[in-house]
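Chemist: Please arrange chains B and C on chain A, whose structure you already have, making use of the hints.
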Amino acid sequence: MKTILYIVQKEFKQIFRNKAMLPLIFALPLIQLIILSNAATFDIKNIKFSYIDNDNTSFSRALIDKFEASTYFNVVSNFSSEKIASSAMLKGDVDVILEIPSYFERDLLKNKKTDLSVIINAIDGAAAGVENVYINQIVRSFNRNAQAKLMQPSDLINKPKNITSITSFWYNKTLNYKTFMVPGILVLLVTMITLFLSGMNIVREKEIGTLEQMNVTPIKKHQFIIGKLFPFWVLGMLLLTIGLIIASVLFNVPMVGSLGLMYLYTSIYILVILGMGLFISNYTDTQQQAMFIAWFFIVIFILMSGLFTPIESMPQWAQFLTEFNPIKFYVEVMRMVMLKGSSTVDILPQFTKTLVYAIVMNGLAVWSYKKTT
Amino acid sequence: MKNNNVIKAEKLTKKFGDFTAVNAIIFEVKKGEIFGFLGANGAGKTTAMKMLIGISIPTSGKAKVAGYDVFTDPENIKKNIGYMSQKFSLYDDLTVKENITFFGGIYGLSRKEIKAKRCQLVEELGLEEIVNELVGSLPLGWKQKLAFSVALLHEPKIIFLDEPTGGVDPITRRQFWEMIYKTANNGTTVFVTTHYMDEAEYCDRVSIMVDGRIEALDTPKKLKEQFNVNSMNDVFLKLARG
Amino acid sequence: MKRFIGFLKKEFYHIFRDKRSLFILFGMPVAQIMLFGFAITNEINNVNIAILDKSEDVTTKEIINKISSSTYFTIEQFIINEAEIETIFKKGKIKAVLIFEKDFSKNLIKENNASVQIITDATDPNTASTISNYANSMLQKYQQEVNKSIEIPYQIIPKSRMIFNQELKSVFMFVPGVMTIILMLVSAMMTSISITREKELGTMEILLVSPLKPFQVIIGKVVPYIFLSIINAIVIVLLSIFIFEMPVQGSLLLLGVESVIFIVNALSLGILISTISATQQTAMMVSLMGLMLPVILLSGFIFPINSMPEILQVISNVIPATWYIIILKGIMLKGVGLAIIWKETLILVAMTLFFIALSIKKYKIRLE
Chain A
0 MKTILYIVQK
10 EFKQIFRNKA
20 MLPLIFALPL
30 IQLIILSNAA
40 TFDIKNIKFS
50 YIDNDNTSFS
60 RALIDKFEAS
70 TYFNVVSNFS
80 SEKIASSAML
90 KGDVDVILEI
100 PSYFERDLLK
110 NKKTDLSVII
120 NAIDGAAAGV
130 ENVYINQIVR
140 SFNRNAQAKL
150 MQPSDLINKP
160 KNITSITSFW
170 YNKTLNYKTF
180 MVPGILVLLV
190 TMITLFLSGM
200 NIVREKEIGT
210 LEQMNVTPIK
220 KHQFIIGKLF
230 PFWVLGMLLL
240 TIGLIIASVL
250 FNVPMVGSLG
260 LMYLYTSIYI
270 LVILGMGLFI
280 SNYTDTQQQA
290 MFIAWFFIVI
300 FILMSGLFTP
310 IESMPQWAQF
320 LTEFNPIKFY
330 VEVMRMVMLK
340 GSSTVDILPQ
350 FTKTLVYAIV
360 MNGLAVWSYK
370 KTT
Chain B
0 MKNNNVIKAE
10 KLTKKFGDFT
20 AVNAIIFEVK
30 KGEIFGFLGA
40 NGAGKTTAMK
50 MLIGISIPTS
60 GKAKVAGYDV
70 FTDPENIKKN
80 IGYMSQKFSL
90 YDDLTVKENI
100 TFFGGIYGLS
110 RKEIKAKRCQ
120 LVEELGLEEI
130 VNELVGSLPL
140 GWKQKLAFSV
150 ALLHEPKIIF
160 LDEPTGGVDP
170 ITRRQFWEMI
180 YKTANNGTTV
190 FVTTHYMDEA
200 EYCDRVSIMV
210 DGRIEALDTP
220 KKLKEQFNVN
230 SMNDVFLKLA
240 RG
Chain C
0 MKRFIGFLKK
10 EFYHIFRDKR
20 SLFILFGMPV
30 AQIMLFGFAI
40 TNEINNVNIA
50 ILDKSEDVTT
60 KEIINKISSS
70 TYFTIEQFII
80 NEAEIETIFK
90 KGKIKAVLIF
100 EKDFSKNLIK
110 ENNASVQIIT
120 DATDPNTAST
130 ISNYANSMLQ
140 KYQQEVNKSI
150 EIPYQIIPKS
160 RMIFNQELKS
170 VFMFVPGVMT
180 IILMLVSAMM
190 TSISITREKE
200 LGTMEILLVS
210 PLKPFQVIIG
220 KVVPYIFLSI
230 INAIVIVLLS
240 IFIFEMPVQG
250 SLLLLGVESV
260 IFIVNALSLG
270 ILISTISATQ
280 QTAMMVSLMG
290 LMLPVILLSG
300 FIFPINSMPE
310 ILQVISNVIP
320 ATWYIIILKG
330 IMLKGVGLAI
340 IWKETLILVA
350 MTLFFIALSI
360 KKYKIRLE
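Top to bottom, those sequences are chains A, B and C. Its first residue numbered 0, the first sequence is counted upward by one per residue in numbering that gives the first Met the number 0. Its first residue numbered 0, the second sequence is counted upward by one per residue in numbering that gives the first Met the number 0. Its first residue numbered 0, the third sequence is counted upward by one per residue in numbering that gives the first Met the number 0.
Just chain A, same shape as in the assembly (with noise of 0.2 Å):
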C-alpha cells in the first residue's frame, strides 16, 4: 500500500511540474468546451435566401416579406434571372432560390391554383429537409391568409376537415442547443484527456527508459498501474468537475438529476478508459505510435457514441457494434441524469455494462503488462 503512495506521489510531482502541459491538460480542453458549445448546433438559422419576382405585384411581395420576417431565412439578394441566380448558387452566395412566376397573383385569382418554384442547395441534405419544410410552413401559412381573404361562402360547400398539432418540447422548451452538447463535449474532453495521457505516460517511461528501472524494482505489477493510473484518474474527476460548472454557471444547463449519481458513473467510466490507455501503451513502443493507436480508436468510438449523430439512425449493425462503446453509454448518462434527471435505476443497463467493461479492460491491460519479457 505504501508502495502505491509513493508512485502516486511522484506522479503527482511530474504531473504539475510540467509547465507546459499544465495548460494543455485544463486551460485548453476548457476554453474548447467553452468556445465550441456554442458551435455545435444542428440548429437551422439565417439560411442564405434568394428570390426571383418575376410577378412584381403587392402580392407577391407579401409573399417575399414573410420570408424577410422569418427567423429562419436571411434574404440576401434578388435575382433578375435564374441564370444570375444559378451563378450565385454555384459560387455558395446563396442556398434557396424561390422564384415567383409571372403573373402569381393573377393566376391564383383566375385558376385558383398556381405554383411556386424553389431551388435548394442539398449538400447538407437533412439540411435541406429542414429548409424545406420551412419553406412550406411559410408557404402554407401566407396560403391560408390568402384563402381566408379570398373565399367566397360559396367556394365552400363542405368545410375542410382540420387536424391541429400541438407540440411540446419537454426538458429543454428553448430548444437551446447547448443544453444538449455541453455535457457531450464535456464528455469528449474528459475522455480524449484521460485517454491520451494516461497512454503516452507509460509509453513515455518506456521511451526514456525509466519504465525497465521499475521492472527491476521489486514492485509488483498491481502496485505500479494502481500508482500510475490514479493521479490520471483524479485528473478526470477534477476536468469533470470544473467542467460542470461552467456548464451550469456559463451555460445555464439545467442540472436536474443527481450529482452523486453523475459523479459515481463517471468514476467507473474513467477507470474504462484508463484501462484503454494502459493496455495501448503495453503495445506501443513509441508515443507516437501510442497516440496514433488511441486516436485511431477514440475518432471512432466518437463518432459511434450518439454525441453528434443519433444513434437510432445508424442501421442495425452498427447500432449493435455501439453496444460495445463505453462512451456511448456515458454520453446517454450524462444527458439523462443531467437534463432529465434519471435515476439510478433508469440508468442501471448503462451503468452495469460500463462496470463489466472497467473490470474486464482493467483486467486485459493488467494482464497484458510484462515486468518480464
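Keep in mind that a hint or two might mislead.
[Said to hold, decoys possible] Below are the DSSO-like pairs computed for lysine-lysine, each with C-alpha atoms no more than 27 Å apart in a straight line: (1) K205/A with K14/B; (2) K61/B with K78/B; (3) K168/C with K160/A; (4) K158/A with K109/C; (5) K237/B with K370/A; (6) K158/A with K168/C; (7) K44/A with K168/C; (8) K369/A with K221/B.
[To be verified] Computed spacing ranges between beta-carbons, pair by pair: (9) L7/C with K114/B: 51 to 57 Å; (10) G41/B with W316/A: 48 to 54 Å; (11) V317/C with I358/A: 41 to 47 Å; (12) D210/B with R16/C: 52 to 58 Å; (13) S209/C with V228/B: 36 to 42 Å; (14) G135/B with I14/C: 29 to 35 Å.
Simulated from the structure, these hints should not be mistaken for lab results. Source: prediction; values computed, not measured. Idealized CB from N, CA, C, for every residue including glycine.
Modeler: Leaving out everything else, chains B and C in the frame of chain A:
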C-alpha cells in the same frame, strides 16, 4: 556446503526468432567480486544481463541469481539486487531528494531508514548544495554517481551496472570506480558491463563475449599472459580478430 | 543534393518501418469513410415513440397505421395515461409521445377539428424538432387526403428541387470534411510530432550540425508526409466514388492542385507547432486540442456555419480548413471551376504563404 556463488549461469541462451543473441553461456560470480562483463557493442552483454536481472525470460538454459532461479523466481531476484541502466534512469523532473525518497520507498525502506540513508548519501557525495535541484539539470557525472548510490539504497547483495561510465570524463570515471571498490569491499558483488577495455583492468575477473558466446573468462592478469599482450585492449583485439 | 536524398531516404525508412503507425495512417481514412458512408448520418430515422390513443377509433387507428409504416418512426409502446410519459422519457429510449384526444373521429366529422398532442423529449433539440416536423407533415398529408373530395380553391403549391445532392445522401456532405480532417491529421499532427521527436531524442542537433542546411532538414522531414497525404486523399476520393457513388463533377486536376495547397498549408502548421513544442506530448496535445477539435467543430464539417454565433463565424473564417471544405464541396458536388472559386483559392494560398513565412521565421529564431 554453502555455495559462495551469487550468480551461476548454465548454458544460458536467448533467441529472438532465428537470431541467437546469447548462446549457451556458462559462468559463475563469487560473492564480493567485481566481475567485468565485456564485449563489443552488439555482442549480447545487455541481453544476458537482462536475463540475470529478471526482466527477460531465457529461451533455454539455467541461471540462479542471489540463490533464486531466473525462470521461476524473478521477483525474488529483484528484491536482492540493485540496477543501474545505461541511461541512468533517474527521473529528470524530480529533485535529488525526491528521487532518493521515491526509490527508497519502492524498495520498502521505512521513512526513518530513507531519511538516514539520504543524509548519509548526500554527505558522502557532497550533494548538499543541489539536493533540491532537478536531476535533469545535473551534469552527467553527478547523475551517474547518484544513480549508483540510489541503486544501493536497499543494501542489495548484488549490483548490476550496465555501461555505467558512458560519456563521462576520465577523472569522473576514476572516482566512480573508487565507489565501486568501496562497495565491493563491503561485501556487495558488482556485476558490470562495459566496452571500455581499460576498465577491465579494475575488475577481479572478466569475461569477454563475442557474438553471443563467452570467448574468455579469467582474471585480467591471466588473460594478458594467455594472449601474450600488455593490455586488456589488446586481449580483446586478438579475440575479435581470431 | 546527394546528402539530401540520403536524408530523405532515412525519413521514408522511419515511416515505412513503423508498421503500426502506417496501418493507422492508411486504415483511419478508410475506416472513417466507411463509417460516415454506412453508419453516421444526421438524418432522423427509426425514432422510438409511444402512443396514447384516447379514442381508439377508426381514424386514429388509420393514422397510427400510417405512422408505424413510415421509416421515421418506430412505435415502441402504447401507454394508457399521461403519468407514464415522464417515466418512459426518463428511461431514455422513447423520444416522443403522440396523444390522440378522446372522440377523435366524432370531433373531426362533427366539429371539423380534432387535435393531436406531440410531446417530445427535447433534450436533443434536433431530434425533437425533426420529430415535430415529420409528425406534422404526416398529419397534414392525412388531412389532405381526408379533404381530397373537397376542392379548396386558391392553392399555392411550392415545388422544390434539391440540387447537388438529389437523394439527400448525408455521406456527400461528410466526405469533404473527412478528407480535410485526415489531411490535417497526417500533415500537421504527424509532421509536428516527427520533428519534435528528433528534438526530444537529441538527434535533431546531430542533423543540424551536419552539412545539411536547416531548410533541407525540414523539407526532408516533410516530404514523406506529403506523399502519404496525397495517397490518403486519393484513397478517400476513390472510395467515395466507387462505394458511395459520390460524383466528382468538376476537374480532378483542380481538385488535386487545391489539395496540394491545403497539404502544404497543414504541413507549415505542423512545423509551426513543432517550433513551440519541446516534447512530443506537447506537440500532440497542441495539435489535438488546438487544431483538430476546432477544425472538426468550426469548419462546417458537421455543424452548419450559418447557425453559429457571429464571433465563431469569424473564427471559422480564419481556419484554412473552412475554405478547403468549401472548395472541395464546390469542385466535387457543384462542379465549379477556378472561375467560381478563385476567391477561396486565393485565400487558401495567402494563408499557406503566411504560415510558411511564419514557420521559417520561428524556426530561424529557434536555431539562434
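Chemist: Now look at each hint and say whether the structure bears it out.
Modeler: Here's how the hints hold up against the structure:
1. K205/A with K14/B: holds (22 Å)
2. K61/B with K78/B: holds (20 Å)
3. K168/C with K160/A: With a Cα-Cα distance of about 36 Å, the restraint between K168/C and K160/A is violated, given a limit of 27 Å.
4. K158/A with K109/C: Holds, at roughly 11 Å.
5. K237/B with K370/A: Violated: K237/B and K370/A sit about 39 Å apart, past 27 Å.
6. K158/A with K168/C: violated (40 Å)
7. K44/A with K168/C: Between K44/A and K168/C the Cα gap is close to 21 Å, so the pair holds against 27 Å.
8. K369/A with K221/B: Violated, at about 42 Å.
9. L7/C with K114/B: 51 to 57 Å: At 56 Å between Cβs, range holds.
10. G41/B with W316/A: 48 to 54 Å: The hinted range 48 to 54 Å holds for G41/B and W316/A, with Cβ atoms some 51 Å apart.
11. V317/C with I358/A: 41 to 47 Å: holds (46 Å)
12. D210/B with R16/C: 52 to 58 Å: violated (25 Å)
13. S209/C with V228/B: 36 to 42 Å: At 38 Å between Cβs, range holds.
14. G135/B with I14/C: 29 to 35 Å: Since G135/B and I14/C have Cβ atoms about 30 Å apart, the given range 29 to 35 Å holds.
In summary, the numbered hints that this structure violates are 3, 5, 6, 8 and 12.
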